[in-house]
Amino acid sequence: MKVLYSPAYLKKQIVFGISLLIVLSLVGLGVVDPAMLDEYSSLVHEYIIETYGWGYLISTLIFLIFNIWLAMSKYGTIRLGNDNEKPQYSYFGWFSMLFAAGMGIGMIFWGVAEPMSHYLNPPEYLASQSDAAAKFAMRYSFFHWGVHPWAVYITMSLAIAYFSFRRGMPPLISSCLYPLLGEKIYGVAGYCIDILAVFATVFGIVTSLGLGAMQITTGLGEVFHFVPTFQAQVVVIAVVTVLFMISSMTGLDKGIQILSKTNILLAITLLGFMLLVGPTAYIFNVFTNTVADYLSGLFNMSLSTNPFQGYAWTQSWTIFYWAWWIAWSPFVGLFVASISRGRTIREFVLGALLVPTLLTFLWFSVFGGSAFFLELQEGAQIAKAVSEDVSVGMFRLFTHYPLSGVLTMITVLLLGVFFVTSADSATFVLSMMTSQGSLYPPAGKKIIWGVTVSCTAVILLYSGGLEALQKMAIAAALPFTVIMLLMCRSLVKGLRYEIKHRKAAEDNEQA
Amino acid sequence: MLTHVLIPLRLKEQDQKLLSMGNLLKYFGTQKASLVHVRTQNTSGKENQQLTEKIRSYAIHLRELGFEVDMYFKHGHVATEIVSMAAELEVDFIGMFWEGKRFLRKALLGNIESDVIRMADLPIFVYKHSFFLAKDQKMSQAMYATNFQITDSHVMPYLADPDFSTQTLYILHVGERAPDPWAEADRKQKIQQNLARLKSECEHAFYQINTVDVVGRPGPKVVQMAKRYGVDLLIIGKCDEQSAFEQIMGSTAQLIADKAPCSIFIVPGEHRR
Numbered sequence: 254m255k256v257l258y259s260p261a262y263l264k265k266q267i268v269f270g271i272s273l274l275i276v277l278s279l280v281g282l283g284v285v286d287p288a289m290l291d292e293y294s295s296l297v298h299e300y301i302i303e304t305y306g307w308g309y310l311i312s313t314l315i316f317l318i319f320n321i322w323l324a325m326s327k328y329g330t331i332r333l334g335n336d337n338e339k340p341q342y343s344y345f346g347w348f349s350m351l352f353a354a355g356m357g358i359g360m361i362f363w364g365v366a367e368p369m370s371h372y373l374n375p376p377e378y379l380a381s382q383s384d385a386a387a388k389f390a391m392r393y394s395f396f397h398w399g400v401h402p403w404a405v406y407i408t409m410s411l412a413i414a415y416f417s418f419r420r421g422m423p424p425l426i427s428s429c430l431y432p433l434l435g436e437k438i439y440g441v442a443g444y445c446i447d448i449l450a451v452f453a454t455v456f457g458i459v460t461s462l463g464l465g466a467m468q469i470t471t472g473l474g475e476v477f478h479f480v481p482t483f484q485a486q487v488v489v490i491a492v493v494t495v496l497f498m499i500s501s502m503t504g505l506d507k508g509i510q511i512l513s514k515t516n517i518l519l520a521i522t523l524l525g526f527m528l529l530v531g532p533t534a535y536i537f538n539v540f541t542n543t544v545a546d547y548l549s550g551l552f553n554m555s556l557s558t559n560p561f562q563g564y565a566w567t568q569s570w571t572i573f574y575w576a577w578w579i580a581w582s583p584f585v586g587l588f589v590a591s592i593s594r595g596r597t598i599r600e601f602v603l604g605a606l607l608v609p610t611l612l613t614f615l616w617f618s619v620f621g622g623s624a625f626f627l628e629l630q631e632g633a634q635i636a637k638a639v640s641e642d643v644s645v646g647m648f649r650l651f652t653h654y655p656l657s658g659v660l661t662m663i664t665v666l667l668l669g670v671f672f673v674t675s676a677d678s679a680t681f682v683l684s685m686m687t688s689q690g691s692l693y694p695p696a697g698k699k700i701i702w703g704v705t706v707s708c709t710a711v712i713l714l715y716s717g718g719l720e721a722l723q724k725m726a727i728a729a730a731l732p733f734t735v736i737m738l739l740m741c742r743s744l745v746k747g748l749r750y751e752i753k754h755r756k757a758a759e760d761n762e763q764a
Numbered sequence: 014m015l016t017h018v019l020i021p022l023r024l025k026e027q028d029q030k031l032l033s034m035g036n037l038l039k040y041f042g043t044q045k046a047s048l049v050h051v052r053t054q055n056t057s058g059k060e061n062q063q064l065t066e067k068i069r070s071y072a073i074h075l076r077e078l079g080f081e082v083d084m085y086f087k088h089g090h091v092a093t094e095i096v097s098m099a100a101e102l103e104v105d106f107i108g109m110f111w112e113g114k115r116f117l118r119k120a121l122l123g124n125i126e127s128d129v130i131r132m133a134d135l136p137i138f139v140y141k142h143s144f145f146l147a148k149d150q151k152m153s154q155a156m157y158a159t160n161f162q163i164t165d166s167h168v169m170p171y172l173a174d175p176d177f178s179t180q181t182l183y184i185l186h187v188g189e190r191a192p193d194p195w196a197e198a199d200r201k202q203k204i205q206q207n208l209a210r211l212k213s214e215c216e217h218a219f220y221q222i223n224t225v226d227v228v229g230r231p232g233p234k235v236v237q238m239a240k241r242y243g244v245d246l247l248i249i250g251k252c253d254e255q256s257a258f259e260q261i262m263g264s265t266a267q268l269i270a271d272k273a274p275c276s277i278f279i280v281p282g283e284h285r286r
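Sequence order for the protein chains is A and B.
Numbering-wise, this note's numbering puts 352 at position 99 of the first sequence, and it's gapless, one number per residue.
Numbering-wise, this note's numbering puts 129 at position 116 of the second sequence, and it's gapless, one number per residue.
For reference, chain B alone in the conformation it holds in the complex (with noise of 0.2 Å):
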């Protein structure tokens, strides 16, 4: 399912970045990976070697991985060009390095990773690198957080998928609390059902699924919840519908690459597929 990568690079990354990202895809059962740089200005001969040579020793890293890898370098609008490479080398999902900037300089500068997340089409792999676990990158516990809606039918099948393996499964809800204590009860009664449904269809592919339900906001609560329960892999599905507010300020799927302390898998909505 997800066989095939596309790895945009700024080639500025330090080859344990890279290599650390690559052992991680190997739990997706990645066996391809395409890597791509954007250039946005015009470079002169000597540069475009130094460049070239550059994507070539990443490639080499990679290989010696036991990838098959290829290599693109691209004009233009950054996350447009990526967005559309991946379309045309029909890759299954984008890996890519998230830079996280400070308040000042996103708003000022924007951000790529934030801008691909809007705009793919595809399920994006965004890679988070800990210098202090770099040398035993693992990926033994994930967790899935659901909001029950059109989202499940897209993360089910990758979750199902024995390829993509983890030891330990958290699947997440965080909801509102209802309006009385009635209501509430009811409420948690039916996530308890719908926590159980979502356990049975993923149940084969890891040793050990565990559900979690919290009340509130979804953005801050699945970041946090993520930190206590110290998992490798966030796994999140993307709503295409956005509110006003989701529209100005970015959505949740963003605001959770943003602030979360591990990878995150995002799989978009169906209609953009």
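Extracted from the complex, chain A is given alone in its bound form (with noise of 0.2 Å):
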């Protein structure tokens, strides 16, 4: 006892404790009184996106430019760990780990469900169901998903990796501002930036969590016939809780990788499947179209908040991701850093910024252009599906295609999986976070943040306070958009006093 009470302990266990008790209170609230919640989060999420909408917009493409400049300066030749360190992870491992944690699940969600929603409903410029639309679908679709969720992830991971692998300091957003704040980081400014990040992936991944168990729960009722109940969401997470957290034991090394490397074989063999079965001429066309479309409007796009015609649908769809993107920001970047040791700020910038993207634009031409041809050439009515159930889309497409049995459990099993590997690295990284920076973080405490996210997810799921919770995520999205812009401002500090100084030393040595 007297250990658990000396000020040392109680110092080191602060974010824990107080992120802890924080989420609890909100869940608590969650439970008692889910409209009281709903209310609140809805006014402090409406405020945010119709103030500082286009804040996102600005940041988001500076991240991005951010990480080409970097990429392309003197800097990129720095290694995130010691100058002789290589890279722990070869790069199909790698890309499947970014893959996994970033956004595999969010792609199998939205795959064919967005671009049929806004083929369905475009912004008010666009007349619905036309043409017109279905260009806009696909170019906003490679847009959401494109390179800029990844400079976002790029630009938290990178300062992360950085400052521990490099300068030696814990993994912890916190430790990225220490050229800015200096020893203030180990105070109170410090612990409020760790708990913010801490509240922000508990909310992001249970959230998550229950989302997917009903997309997982849904697909499941499409192959055997059954009415998607509440009960069955329950086992659905029960089922995902016990496999994450029996991954989440055997560590990083193992675990994760394994999955996260089975997760990509079987994305690329469903992709191949679809695109081979598939009209693949038309796929191809869509991709090749959707790309010089993405190409020359991106930095259109980038900053196009329409105000005159189609803020609503800017601020419900792209404003809605790029906050989502900066709320999951501290748990991607903090798993990203952790597998990117030994790499160069070239190559992780290139790597991460290039080949996901490049995945994902395949894959939405892939099922997304799927889903067109069914929608315009025959007739398919798979936009209305989804206007109804989102969760339906890509099971709705696998009807019309042999097979959709097995495809449907292969999409099943691809969820399950992404989900696993998504709540694994999640424990993680609170149990991470929460334990100073410690990269082997204590076995209890991933027990108690698996736990803790999991009962989260099936108690909103009953209540229905889940979109209150990943409303209060968001809000956390404009905090971390100004953290994230000190972050950047923070590493090109660090890189450059080290750039000096390694110009010195050489100096020297030459005099």
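A couple of the hints might just be wrong.
[To be verified] Below, a list of computed lysine to aspartate or glutamate pairs in the DMTMM-like style, where the Cα atoms sit at most 20 Å apart:
1. B:Lys30 x B:Glu112
2. A:Lys756 x B:Asp193
3. A:Lys753 x B:Glu197
4. A:Lys753 x B:Glu189
No lab work stands behind these hints: they were computed from the structure.
Assemble the dimeric complex from its two separately framed chains, guided by the hints.
So, in structure tokens, the structure goes:
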């Protein structure tokens, strides 16, 4: 007991204690009075999106330009680790984990649903279900899942990786601000930043787990012909929880890596099958045309707030996504940083920016393109089905293909494994953030966070407070945008200092 | 070292201002002053006579303070003529009054003093006049802002010169914080060693020398520290290598000259001398 209450011990547990308390309090509110939580979170969420939406667009573009500049600059050769260190994971392992943690799960959810949603409900200046709406739908699906989200993740993970692996500081968000805040990162300012990161991560993963459980249940219902109920969703969450806890206990080297590699192989198999069996030429036409649209309109889309027409659409899609990626960035950033040790900044930025984006474009072209082919050429009612229930998009597409049952099962399996990897990496990151950045957090904390996340998802699925929690996570994106902009400044300061001192040391040696 | 000064005049300066500046110049051991007025437009004979009378009255005041004085009139671009006159007369430094301007006026009309600072190869003494302190102008505390780079080798000879003396000298270093606590501790240790080295080089010329090390952006921080310590003179070196940002927005020396609450002594880089 003496150890438990020592001031040093309490100080070490301050982030863990306070963040757990805040999370449980808000979840408690979500259970007792979900309507009130929804009312307040909607108020905050709407105010932020309405007032600062433009800020998200500008900031995200800044992150993208910043990353490209870093990769191309003299800082690009700096290694995220010691000078002679080699990357810990192979390219395949690295890309698999990047993809699994970053957006694998969302792409399965939205691969068909997003293009169809934009096609059916485009901004006011486009006619619904028109050719222009179809083109717009593909272009904006590429845009929302293209280089911008990765730019957000890379900014966060690059700063964390540099300050932890290169400068020897603990892998925490607060560590990245040392050049700006100095010793204050060990005080209230540092604690607030880390608590905010935990807050955003917990609510992000709870929301994903809840919504994902709904989709898995829907998929299983399609195959086994049952109505998805709350009980079925609880069973899905329970199974996922057991799996991710097992994976979490086996550690990063085995658990997540094996699952991620398996998943990426499964995803590529599914992609290949759909490409070959589906309208191949049509899909490649969609891909080529949308890549051209995307590249030529990249800057235009990046800053389009559409204040005159289509403002509501931009708010509910683009700005919502940008806020969501930023809210997710502490989790993905910490995870991606932890798997990127030993890579150079150039390799890291270009690899993480281009490879997942290319795979994403292919994914949307194959699934979105196939859905459009069926919708436009054969009059399939996929868009209508999506408008009624977003989670059924992919499964409705499969009904038009041979082996639809197998395809649905593979997708459910993919979803499940992506969930396990996301939840596993989130548990790892949460434990790390609340253990002063230890890369080997205690198993006890992993269990506490794992159970907290799963129970919260179940409770809020029951009470209906899941969307309110998602809005809370998005609200956290606003302070994080500011923190990330400061991180860019801090990173440049750190890199400039390093280059300057390296040059001075070389000059001294020559002298 | 600083025996001969070139003082550009608008001929609108109050006598008290010139006398206060003259009193401060004595702290540098200055003995000779060359007064110069640059006209930018043609003036009539009557106006010329008035200007000549004015500059003569200034010369009388300075002679009363013990300076040897000569006077010149020039015509053309003000900053260019001042700099070329200084080279022609082989003066040791330029002493000029700082005419503070509001942002918009400065942006539209420019600032002659800033142009002289940018163009000059010589040390420049920028005198900032305070009407409240004019009667007991003194130079008891000076602050040298160093970056331990090439400017040290140009500034230190002046500080080590017994003629150039104040009671107290603060040697200030403003630098960016290192990226991690260990590098920061190392950086601080090196700064302390360098500050101690500079202190030992000019110890004989001052009654008291204090060293100060702070973290921040050099321009604003130097101004802030000058205010905090209430110094009478700020001494800075001017680095000739400017970043693209500095080339557009003005150098740190120009920024300090504009914002500092006290007079400034600016020493330029070597290759221009």
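Hint check results:
Taking the CA atoms of lysine 30 (chain B) and glutamate 112 (chain B), the gap is near 12 Å; set against the 20 Å cutoff, the hint holds. Proximity of lysine 756 (chain A) to aspartate 193 (chain B) is assessed by CA-CA distance (about 18 Å); at most 20 Å being required, the pair is judged to hold. With a C-alpha separation of about 14 Å, the suggested pairing of lysine 753 (chain A) with glutamate 197 (chain B) holds against the 20 Å cut-off. The suggested pairing of lysine 753 (chain A) with glutamate 189 (chain B) holds, with an alpha-carbon distance near 11 Å, which does not exceed 20 Å.
Hint compliance for this structure: no hint is broken.
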